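Protein chains in written order, with the numbering used here: chain A, 1360 to 1640; chain B, 150 to 331.
Just to be clear, a hint being listed does not mean it is correct.
Computed cross-link-like contacts, DMTMM-like style, restricted to lysine to aspartate or glutamate with a CA-CA straight-line distance of at most 20 Å [claimed, not checked]: (1) B:Lys225 to A:Asp1450; (2) A:Lys1467 to A:Glu1440; (3) A:Lys1467 to B:Glu223; (4) A:Lys1467 to B:Asp188.
Please keep in mind that the hints were generated in silico from the structure rather than gathered at the bench.
Just so you know, these numbers come straight off a predicted model, no measurement behind them.
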Amino acid sequence: MREISCAALQAAVTELFLKANREIAPDIRQAMEAARDAETSPAARYALEQLVDNYDCAREDGLPICQDTGMAVLFAEVGQEVHFTGGQFTDAVNAGVREAYVRGLLRKSVVADPLFDRRNTLDNCPAIIHASIVPGDRVRLLAIAKGFGSENMSRVGMLTPSAGEQGVFIYIVETARLAGPNPCPPIVVGVGIGGDFEQAALMAKHATARPLGQRHPDPRYADLENRALDAINALGIGAAGYGGLTTVLNVAIESAPTHIAGLPVAVNICCHASRHAETTL
Amino acid sequence: MNTIGVPIDIRLPLTDEAVASLRAGMTVRLTGPCYTARDAAHKRLVEMLDRGEELPLPLRGQCIYYVGPSPAPEGKPIGAAGPTSSYRMDAYAPRLLALGLKGMIGKGARTRPVLDALRREKAVYFGAVGGAAALLARHITASGLIAFPDLQSEAIRLLTLEGFPAVVLADSYGNVFPEAQA
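The following block holds chain A by itself, in its conformation from the complex (with noise of 0.2 Å):
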């Protein structure tokens, strides 16, 4: 048994969130700075010239890349020899993303009643966690804050076995169509293929955050995610939605066991920050 206390979890949470927001991911900004020099289309080229200004803006002036610092979500891989200390696992975690976005100067866009009240719970709090329990006694933490701009043009599609491989390439490309300039192109699409409702949902949520340019292992969902991203390029809705080469940087497929019945497929969009951090405790 190895004992961690909350105090550290609340800490690494709230660093995490604070480091998704500040700070460009290497990767996204290579992929951003290659889009740029190779844009043809002089509108799409200014909106992709200001987004890369943009990260050293934030630097410099201690901003956040978005005002939209997104729903805190928190996937955390728990290794079963793992005993949290001194607290309680979720409290820890939520007072982790209420520090980083209270004391980060991160923007609250947290309602506690989605349809009736709509308040602000005024420190982005509750967290959305998903936990699992793996082998081992190490802490696995992913922090993706989630801008709604993106989210909101993200769709879940109950397809049937026979839909097959043409019927998700379609609904995956489909979905980037219907989307077209909100979700702040050029964007970052995961895709959750089979399990159930909720879970080609989270499998698409935690595809969101593969390395850019990293493939699905098996080369037939490998050679779906290259199709897709080819085809969405080609709808040309580009940059800021202003036209041009680049409207996504990656596809990242998740995939599960499903029922005989079923092929769900889940797309859910990212922006072109697609803000997320990772540690290990």
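Given chain A, work out where chain B should sit, using these hints.
Okay, now just chain B, sitting in the frame of chain A:
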């Protein structure tokens, strides 16, 4: 006309002549006063109109920026301040345009009723680049609270813009940029 050219300097509030001079696809630099309002503030404004109440901001000739900024660090007028998706305000925008609103700044596509209202009321829709929030904040030199402080980042504020970079996404003649979005 749908090409990005040399930016044109435009003063706010917008004059009828300025609105008439703008065409979809032009780049502009906006300078002058501009109000903020997004989902919750728009809902309240329209509810106030329904009750026959006076609004907390003037609309005639004015421009509204769809933004919910992050908190301002000490010594700065505002935090990160990029545009939010405009379509969520489409249910309310034609009502405000009919009362003299001349400009909106946001991101993304508008629906047909808003594009029709722009032509009918002679107004314009500007796009700022979504996600360029820290860069855009450098073009906001002042910010003051006007109404609905309980809405936090969604409160109505009066900003002063200084050379704020934007693109005309829909003009007062029914043109849209890019054309594929029409």
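Check each numbered hint against the structure and report the violated ones by number, ascending. Hints 1, 2 are the ones this structure does not satisfy, whereas the remaining hints hold.
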